[in-house]
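One-letter residues, chain by chain:
Protein chains: 4
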Amino acid sequence: MANISIGSLDFPKVSEQPVEIVERKGTGHPDTICDALGEELSIALSELYIKECGAIMHHNVDKALLIGGIADPQFGGGTIISPIEIYLTGRAINELNGKRLPVEELAIETAHKWLSENIPNLDISNHVIIHPQLKPGSKDLVELFERFQLKGEIPLANDTSFGTGYAPFDDIETIVYELERALNNKEFKKDHPYVGEDIKIMGVRNGENIRITIAMAFVDKYVKDLNDYKEKKEIVENYAYSIAQRLTEKHVDIFLNTADDEENGSVYITVTGTSAEAGDDGEIGRGNRVNGLITPYRPMSLEAAAGKNPVSHIGKIYNTAAMDMAERIVSEVEEVDEAYVYLVSQIGKPITEPQVCDVKLRTNKDIKGIEEKVRKIAQEEIDNLPQTWKKFLNRHFRLY
Amino acid sequence: MANISIGSLDFPKVSEQPVEIVERKGTGHPDTICDALGEELSIALSELYIKECGAIMHHNVDKALLIGGIADPQFGGGTIISPIEIYLTGRAINELNGKRLPVEELAIETAHKWLSENIPNLDISNHVIIHPQLKPGSKDLVELFERFQLKGEIPLANDTSFGTGYAPFDDIETIVYELERALNNKEFKKDHPYVGEDIKIMGVRNGENIRITIAMAFVDKYVKDLNDYKEKKEIVENYAYSIAQRLTEKHVDIFLNTADDEENGSVYITVTGTSAEAGDDGEIGRGNRVNGLITPYRPMSLEAAAGKNPVSHIGKIYNTAAMDMAERIVSEVEEVDEAYVYLVSQIGKPITEPQVCDVKLRTNKDIKGIEEKVRKIAQEEIDNLPQTWKKFLNRHFRLY
Amino acid sequence: MANISIGSLDFPKVSEQPVEIVERKGTGHPDTICDALGEELSIALSELYIKECGAIMHHNVDKALLIGGIADPQFGGGTIISPIEIYLTGRAINELNGKRLPVEELAIETAHKWLSENIPNLDISNHVIIHPQLKPGSKDLVELFERFQLKGEIPLANDTSFGTGYAPFDDIETIVYELERALNNKEFKKDHPYVGEDIKIMGVRNGENIRITIAMAFVDKYVKDLNDYKEKKEIVENYAYSIAQRLTEKHVDIFLNTADDEENGSVYITVTGTSAEAGDDGEIGRGNRVNGLITPYRPMSLEAAAGKNPVSHIGKIYNTAAMDMAERIVSEVEEVDEAYVYLVSQIGKPITEPQVCDVKLRTNKDIKGIEEKVRKIAQEEIDNLPQTWKKFLNRHFRLY
Amino acid sequence: MANISIGSLDFPKVSEQPVEIVERKGTGHPDTICDALGEELSIALSELYIKECGAIMHHNVDKALLIGGIADPQFGGGTIISPIEIYLTGRAINELNGKRLPVEELAIETAHKWLSENIPNLDISNHVIIHPQLKPGSKDLVELFERFQLKGEIPLANDTSFGTGYAPFDDIETIVYELERALNNKEFKKDHPYVGEDIKIMGVRNGENIRITIAMAFVDKYVKDLNDYKEKKEIVENYAYSIAQRLTEKHVDIFLNTADDEENGSVYITVTGTSAEAGDDGEIGRGNRVNGLITPYRPMSLEAAAGKNPVSHIGKIYNTAAMDMAERIVSEVEEVDEAYVYLVSQIGKPITEPQVCDVKLRTNKDIKGIEEKVRKIAQEEIDNLPQTWKKFLNRHFRLY
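Protein chains in written order, with the working numbering: chain A, 1 to 400; chain B, 401 to 800; chain C, 801 to 1200; chain D, 1201 to 1600.
In short, the hints are calculated from the structure, not lab data. The structure displayed is predicted, hence computed values, not measured ones. Backbone N, C-alpha and C fix where the C-beta goes; we use that ideal spot for every residue, glycine too. Mixed in with the good hints, there may be bad ones.
Pulled from the structure, derived: some chain D residues nowhere near chain B, Cβ distances all over 10 Å [as the list claims (entries may be wrong)]:
(1) D1272
(2) T1279
(3) A1382
(4) K1390
(5) T1458
(6) V1533
(7) K1549
If you anchor each label on the Cβ, the simulated ranges turn out as follows [said to hold, decoys possible]:
(8) A:E95 with B:S666: 16 to 26 Å
(9) A:L150 with B:S666: 14 to 24 Å
(10) A:E332 with B:H592: 47 to 57 Å
(11) A:N238 with B:K776: 39 to 49 Å
(12) A:E332 with B:K413: 53 to 63 Å
(13) C:K1168 with D:H1596: 47 to 57 Å
Please put together the full structure from these sequences, using the hints given.
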């Protein structure tokens, strides 16, 4: 039995505190691109290893660096001057039984695939250079992973680390998340192709007022001139408002591209839909947490989930597990209004034996009465940790 | 007058909650190295700009990537097989009045200087390659910075972002921070040269028990053999224990290099004192917050402070300001036991006009009675934000 | 009047000497790829500069490095493990009147265009990484080039250097050149898609025997198995023989892929048609001279023509001019059987004022009688040197 | 018995023809630096392999690229703005019996060693970045090299290729070679520290007049001002003249830094002694042939000797062998005034069985009478080819 501690949340709901801050970096943000490419590479490597040897082998590709390019955006369509460069680095077994595995090629192809599907105005051949810098890593780990994956042994925690999660989202969290998803929805873009993918949303609640600041890259070739830009900006603002006000009873204001200097014609247009084309750099792990948001008023782990191996890397699997555990508790235990979960590993011990599983509940019932149900869910989720890797292969997270 | 909200901390002290987690990545950790090189470069650029034109010019070098090398450590002294590579990227004005400024050379020399002073067993000529990848960035910003710095205008927030801080450290926070500082103390190393700089400390408190897990790279040439390693490990454990137990009344256990497999001779030795030599990668912004710790039970910003321009970058200055504000409140207002501060900017507005300055206090007095004192401190700190850059030039933070 | 020296060739024809060696590196050879990408970039830059400012501006992109990839070719179709990397370096003006010119993007797009047209089995998005490393070079040269190109001044020699040429080709030279052209002919490949582009031909004549050694990369997906390989090898050998024997009365032997170890199944197949996929590196200037051949029994310049600016770079224009001068002399002056030309520049002097123009003729007539005609041609070619750049824009050379 | 063809040189001596051109690129020329670093790496690898396994293993590091930096030279001492970058690429076995060999580190350390000894004003830590890009190459070749080196089998030619040599140097060749050696002599520099290492000498003989054009980088910190520059230039010109006129009876003129524009203060000064600091790029194989010169009026191979494996790479060993053979014939066979040698290999055949060894002699005696002596020398040199690698380890060449 795991060391599960169950207690109560003793402070007012964040949504009832005077101030709250929530952020989401959308699909085309340089940090989100890095997260996506790291995680997609981990998924592709996992699938390659399963195909070639029946099991996910050691890898850890959780460091990436995007170096912004140089661009000359223009109404009606500008040009790229100098390409974006992306370094994808880490460890990945590249040889099995004397056979060399194409891990570098996989990194390039996977990156190109994700970019062409998700940043459609980026010319993947000419506007971006992918640098895979993968080293094989320790050979000891091959055997270890074979034991975990082929013989069914429970993986050992690779580190002393932790994960955190909570549920449910409150109003402003829902608004920030859903707004980005709506603006980056492919159906919406069919009619609004000028909406670029680099959309960063910052929500600040001050008492009953929610202020949503959106920085959104327009795609220059779909914007004729400054007037057209202003009109399209209004369309997007209205659309965003219509979505946001449906999700809360609080007052909402929408601010779009507030750094624009319209008088001098200096507005936020791009050739490709992402600011990465012109100087904004990015890294893995600097953007959204696994629940899709950045929430300084909530517990957060600094661990980058993206790119880590999904079998034994605590920084990855404990965060997802904590999120899932909190969501199940809230959804399955009627009496619980809110749950926070903290999971701490012990390096070298089975991942199913955390040092601590700290569950905190908000309920107006007696905790004693629901403790058993909660403990059961927590234990199930812990027991299920060796299967967490399957969730990642199905992209069960909201990182990008 | 800034929008300052003052309220109370409504939940039990973190130190009295059942579980608490605190981490610090020491000087030689790959993420800390990246933070240090980014921030040292920002300082060097600031000094260059002040010298060449009397004012700090625009720069933002807050993205860095360290790609680990390949090493063959051996008792008595091993060899480096393949060097560490470090990419230092971002924007920095490189031309003033037609004169080209040596920003790339500065990046190389600054990095070499910090590394040689702080990772003394790393041969900076042969074991590490520094790749400066700096682009000039927008020329509009030159004029803007001249206004801020030469004409005394108040800098405008470069982003909608936020910073958080709290004070004071509790027992486990103090232990984790002080332990790393003690083990990386240069005096201590004179007698214990086998202590490498890559020291990662994870503290977990479970009720009254504090468990400190230390991963510390030994320097191979100062360790004769496995027995010598075991003896030196015991020395370090005892030393760490003697420090930790002085800082708390709780029970403390020290665990050093628990991943060692001593039977098979697989222990944590390195040629250079850092795991970066053999495959551990790093990035800016993945390590300590400005207060020197990673604290999932406390409010944290994900923003990397290291490398950002110290004049107008909210992600840098609001975090330090929030930390300083909390520390001043606790130190100057006797009645306050604990303070949390959140600062939120408005893009394009003066940095002295945050959207919100949210101060939360723990006190057993009536808040009304102390509100005025607190507000005064908060307002002073906000008024003083245009001078925050001087703190950074004096390395007023505990990042590395 | 230029300093033109006209003399006679005093030694037996190379084709009548006992031994002769001639080589050509075909389209897909790593050195030829480098030459092609450097020269195509020079052409693209020239066209960009003409479009943007009416004149070819300074550039010199005559250094390139191809770092071979890693491949796993297989009968029926193999895979690429790790991509080819190509560094394109040099100087190119990248700003005109405050407008940034897209020279890096041009390098990438031009390279991709040439590769996709000429190495069709190479997937340009995923199998090759182009690294443009262009620096702006001296701004003094902008004005200089404007004078040359806009005001019609005669360009000044950029260096003390020389060029050489001769005409006509003898039998073995013709065979080596024509064979590569035939095997890389696109019509021929429609029926023989298994013929890769990396074709290196070495001809050695020993008295009356010509021995042609061909190293030719097969494209794996068009070769079923070892037997199929052997059959196709025979087809190519026969085809090569049929071409070669028509071009000479001497005895010819064809040797194709003599390094094959057919018994052990180790034969020359590739995924992409070029050995660059698997470890063969390349550089500009290490392959064919401007006449299309490498001829140690003939005068040769070591200067790489590819990538140099076509306006004033002696290493480029004097070699082409010497080749053209020799070809015109042989073609227009009936009495001349063979001509060798050497042109030497003086740095800083107009390119139309060589230090020396040394013309050597083979004729059985008295040189006095034809000297005037030859001198006239030589002078015309020298006078025409300021127009040589147009020849390069029309790819008037046989480098690749 | 090898296929040795012995004939006569049927044309006038080059030194008696009307025009002659000879060039040498000195120690600090970007191409020479590349040659030196490639060859020094080959020597270091050979020594490593001999130490680790008793035999030289396969390697081929004959491609390198130097990308020039950016500098701001000033009388009295300027600064480096952006470093030189050097890519050292090729194949080198990096693992033996499961032990990883430090080939990348060796590349870095060897390069730094050569540079610090030969370009003393270059700060190797901060002014130059060495990028080793070595791939392991085929494992089949390990066994092959073991057979050559451990079991004493005769190496097989790796390619169909050739080498050429001649002897002796004539006047202008001697002058060009000796002048560079004298100006780069370390004793000379003790008194003349302003003489940089980047010295390119071009000699053009026009009848009885020899014109020596020297481009020589001055080291800025040893030159006070323009007047001092002019004085030192005169010293060097006089010194060069004094050397040159002793080596010939022809008329000699010396021209030093003719591209200087002294009126506008634009003269050839550098911070480091090499033009590589400011934009001049370099490659292996674009400079001197193994005899130390570039001689378009003499037979030349385009093969880069530098960096190739010294055991079986024809492009390396046949050139040195041809040079040595010619020099021995001229020195040991009194009747021979001049000798040219061409050696052609057959891929896959022992290196001691060239397709052709073509020896051409200038003598006023009957060739019949001396043919036997010449053949004996040629055969000895051919028989000795398997030992040629020892010459390279002793730097028996004049490349740099």
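Now the hints, each set against the structure:
| no. | hint | result |
| --- | --- | --- |
| 1 | D1272 | violated, 7 Å |
| 2 | T1279 | violated, 6 Å |
| 3 | A1382 | holds, 31 Å |
| 4 | K1390 | holds, 26 Å |
| 5 | T1458 | holds, 27 Å |
| 6 | V1533 | holds, 49 Å |
| 7 | K1549 | holds, 37 Å |
| 8 | A:E95 with B:S666: 16 to 26 Å | holds, 21 Å |
| 9 | A:L150 with B:S666: 14 to 24 Å | holds, 22 Å |
| 10 | A:E332 with B:H592: 47 to 57 Å | holds, 53 Å |
| 11 | A:N238 with B:K776: 39 to 49 Å | holds, 43 Å |
| 12 | A:E332 with B:K413: 53 to 63 Å | violated, 31 Å |
| 13 | C:K1168 with D:H1596: 47 to 57 Å | holds, 49 Å |
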